[in-house]
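Q: Given the coordinates of chain D, assemble chain R onto it according to the supplied hints.
These protein sequences, in sequence, are chains D and R.
364 is the number of the first residue of the first sequence in the numbering used here; add one for each residue after it.
364 is the number of the first residue of the second sequence in the numbering used here; add one for each residue after it.
Bear in mind the hints are in silico, worked out from the structure with no lab data behind them.
Errors might be hidden in some of the hints.
The list treats identical chains as one, so a pair stands whether inside a single copy or across any two.
To be verified - With a straight-line cut-off of 27 Å between C-alpha atoms, the simulated BS3-like cross-links for lysine-lysine are:
| no. | residue 1 | residue 2 |
| --- | --- | --- |
| 1 | Lys753 | Lys776 |
| 2 | Lys634 | Lys654 |
| 3 | Lys765 | Lys777 |
| 4 | Lys682 | Lys765 |
| 5 | Lys777 | Lys753 |
| 6 | Lys654 | Lys403 |
| 7 | Lys541 | Lys634 |
| 8 | Lys480 | Lys682 |
| 9 | Lys765 | Lys753 |
| 10 | Lys682 | Lys526 |
| 11 | Lys682 | Lys776 |
| 12 | Lys541 | Lys480 |
| 13 | Lys526 | Lys777 |
| 14 | Lys634 | Lys753 |
| 15 | Lys403 | Lys765 |
Just so we're clear, the structure is a prediction, and the values are computed from it rather than from any experiment.
Number of protein chains: 2
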Amino acid sequence: MTRTAAIIGGGVIGGGWAARFLLNGWNVRVFDPDPQAERKLGEVLDNARRALPMLYDCALPDEGTLTFSSSIAEAVTGADWVQESVTERLDLKHRVFAEIQSADPAALIGSSTSGFKPSELQQGAADPSRIMVTHPFNPVYLLPLIEVVPSPATDPAAVETCKTLLSSVGLYPLHVRKEIDAHIADRLMEAVWREGLWLVNDDIATTEEIDNAIRYAFGLRWGQMGLFETFRIAGGEAGMRHFIGQFGPALAWPWTKLMDVPDLTDDLVEKIASQSDAQSGHLSIRDLERKRDGNLIAMMRALKQQGNASGRLILDHQKTLRATPDPASPMLTQSRVIPVDWTDMNGHMNEGRYGQIFSDAAEEVMAAVGADDDYVASGFSYFTVETTVKYLAETHAGERVKVLSRVTEGGGKKLRCLHELIRASDGTVMATCDQLMLHVSLETRRTCEPPEHVAARVAHLAALNEGD
Amino acid sequence: MTRTAAIIGGGVIGGGWAARFLLNGWNVRVFDPDPQAERKLGEVLDNARRALPMLYDCALPDEGTLTFSSSIAEAVTGADWVQESVTERLDLKHRVFAEIQSADPAALIGSSTSGFKPSELQQGAADPSRIMVTHPFNPVYLLPLIEVVPSPATDPAAVETCKTLLSSVGLYPLHVRKEIDAHIADRLMEAVWREGLWLVNDDIATTEEIDNAIRYAFGLRWGQMGLFETFRIAGGEAGMRHFIGQFGPALAWPWTKLMDVPDLTDDLVEKIASQSDAQSGHLSIRDLERKRDGNLIAMMRALKQQGNASGRLILDHQKTLRATPDPASPMLTQSRVIPVDWTDMNGHMNEGRYGQIFSDAAEEVMAAVGADDDYVASGFSYFTVETTVKYLAETHAGERVKVLSRVTEGGGKKLRCLHELIRASDGTVMATCDQLMLHVSLETRRTCEPPEHVAARVAHLAALNEGD
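Only chain D is shown next, with the shape it has when bound in the complex (with noise of 0.2 Å):
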């Protein structure tokens, strides 16, 4: 049966709840007296729509039916969940729990909330035990944790059936056993905020060389394994204790302006290691310096292939190490190693790369007659028709191949190519590729004649072809 959400407050916060229920094909119900809000729920909508399907190799649910209410108690009653995302006034969000818990007694309420605890939320309330804090990350509809904080007060019952409901949409509901102020994450990104201000106010770093700072290091670092197991890495096979034991004295260093630390007991050294034990005791530290190897470099590759952060130093770096290949046949176009990406579940390369390997050879042998990158920027480019791909031996990460390919056909629009991967420590042919492109016109999408100066070396590259 489908289910129903109702989101209170639809900004930028309450749009991407609303856009990851409803493309989880949830049913959501909207209440948010601003004008505008239909507009702006539309925005966040839009770019969820495009971006959620986009992580999953399969089709997502149909997607629900989004309705705007004209009050809380229409929006809530009945629904399956209430989140809340008003502004971060206690008043305020007291006076909706109150209107949320009249329209429907039973209705399970999630806070957005990162300034106010569950209990400083409870206050008040006709039914505390189905209130809680469900604090989100923007963008909501893409960043999968949640973390999920209730009170004394709040019913175990309650916050299990929030942590199934979360799950079955895709989060990753963090149960915070404690409240604290500000909950966990924002507590450690405030730590960073302040010691960023800092650095600003006393000229020491700009906001974009603090950026810089973070996204070319420990931010990618960050990104897969988080803080203690990257340190756990780096204290190597003597293990967590001797890091810290290692390291601690700097928390005496006026290594940042915070400077409230706790004491590092032995205790608390023996709390730290052993929780860092139960949490990556079951792999060796090569495992685990491969298991981040592995993540850090497909992550470089997908920003290198969005052409941003430390993808686009990859991409200047490897124009000084590149050289259009000479006309011969076989031409020389390409010579690299298998990145660790390309893999599958046969645990050797994927059919689809190489599929992109002899792309990547078609795009070289389209640079050396003439079509390089300033001529696709110019409106022309050549489109592929047509592929067919022979698999003779399995390729594996890690391996350096190379690929040689010849012009077998070149008059008028045609640009026929016949690339040959090859093993490059023994010489042996890993697949073959028979290639037809066709001329385009990259303004009117269709084919066209290339120009002279074009067709010409492609003529030259075929008639070298039949020399062979």
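A: This is chain R only, laid out in the frame that chain D set:
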């Protein structure tokens, strides 16, 4: 001409530096009196040789020559760069610098220290002008950030030479203009470390919960944009001034135990806002959102391919959404949205990704004949030996597509499919793929007959197709 780096101290950090230079074609001379140095450095180098080349879509230069020197003088004389990564003891570093400068007064020296400022390193040096901090991040062979910190006594020309040289091996030199304890990145990390210790100390969260709070939320944001650009988006069209005004009061709240905060004066607000404008003002908030979402999608999909972190969460959620297709002809084997990381320089889906979606479709056909994940785990599978793809229309990110698959041949070891990629909105056939697979033993990696129950289902599907 091949350049030479001298590495003084060959542990995890020194080894990472050695690998970065070697794999970029430099010769490397290492001095480390530890009798285990060669083994330890070899382990780092093994990781690096596997990992670093995977970032690039072309070959790195031929690896340089690695030699172990028996003295500092032998290692550094005539080297283009000297990188010091010895134990964090100032007296030891001073002795090392004295020995370097006595052997080669022209040596350019960078120190990997996080604990000392360059002016401290320079105390008592024969030539302070050629000493600076060049602080890397583990793993040095993958992460690009190097904090380059001169003191006022460092020769500005030496700093420029250093930056050029680091960039040439794919690193990102962040010039820290004012020396401070722990430079920039470690100040931010140390703030989080201190707050993290409090959270464990006070039994608010375990190390694993803290890591999850980071890697499922702001860690992913910081890995691509850092702190300030992310917060700029949170400020919305109203901008950074508005954002700081809104969240500034939180600085007075106990949102972290680390309570030393700068006064948020008008001057500081203005400084942050104008630096943020200089950094990101050329992009609208909508542009920044799209950029952020593209990066997050690509990174999370990369982690999904690795089966780790937030990518593991998506895989688990996806399992609840997928069903094995009913054996039919045609069979609906794919229904999905084209993600942003599948496009290429022509702005449309890369031809390799057609291979991937047809490979995914083939996995569904395999599941339908009983060759599912469990079957693969039991040691048998189907491998593709030949595909012919016809590209009929361009496919773009965000488009919803489906694949219909038919088994066109199914005797003995053979499983032949004809797949059609179809645009969901209008039914246009965008590509077709004729795919021949053979049944294999994953132990011998050779073809073999499938068991009776699989063969029967393959034959059934092939017969259905004849009836089409």
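Q: Look at each hint and say if it fits the structure.
A: Here's how the hints hold up against the structure:
In this assembly of identical chains, the alpha carbons of Lys753 and Lys776 lie at most 27 Å apart whether taken from the same copy (25 Å) or from different copies (17 Å). Taking the closest pair of Cα atoms, Lys634 and Lys654 come within 27 Å of each other only inside a single copy of the chain (25 Å); across copies the shortest separation is 40 Å, beyond that limit. Taking the closest pair of Cα atoms, Lys765 and Lys777 come within 27 Å of each other only inside a single copy of the chain (25 Å); across copies the shortest separation is 30 Å, beyond that limit. Within a single copy, Lys682 and Lys765 get their C-alpha atoms as close as 18 Å, which meets the 27 Å cut-off; across copies the closest is 37 Å, which misses it.
In this assembly of identical chains, the alpha carbons of Lys777 and Lys753 lie at most 27 Å apart whether taken from the same copy (22 Å) or from different copies (15 Å). For a Cα distance limit of 27 Å, the shortest separation of Lys654 from Lys403 across copies, 19 Å, qualifies, whereas the shortest one inside one copy, 41 Å, does not. Taking CA atoms no more than 27 Å apart as the test, Lys541 paired with Lys634 passes inside one copy only; the shortest distance there is 17 Å, against 38 Å between copies. For the identical chains of this complex, Lys480 and Lys682 are neighbours neither inside a copy (52 Å) nor across copies (35 Å), given an alpha-carbon limit of 27 Å.
Proximity of Lys765 and Lys753 under a CA criterion of 27 Å is satisfied in both settings, with 16 Å inside one chain copy and 25 Å between copies. Taking the shortest Cα distances, Lys682 and Lys526 sit within 27 Å of each other only across copies (18 Å), while inside one copy they are farther apart (48 Å). Taking CA atoms no more than 27 Å apart as the test, Lys682 paired with Lys776 passes in neither setting, with 29 Å inside one copy and 46 Å between copies. Taking the shortest Cα distances, Lys541 and Lys480 sit within 27 Å of each other inside one copy (10 Å), while across copies they are farther apart (40 Å).
For a Cα distance limit of 27 Å, the shortest separation of Lys526 from Lys777 qualifies neither inside one copy, at 58 Å, nor across copies, at 46 Å. When the C-alpha separation of Lys634 and Lys753 is checked against a cutoff of 27 Å, the pair qualifies neither within a copy, at 56 Å, nor between copies, at 60 Å. Taking identical chains as interchangeable, the C-alpha atoms of Lys403 and Lys765 are never at most 27 Å apart, the minima being 51 Å within one chain and 32 Å between chains.
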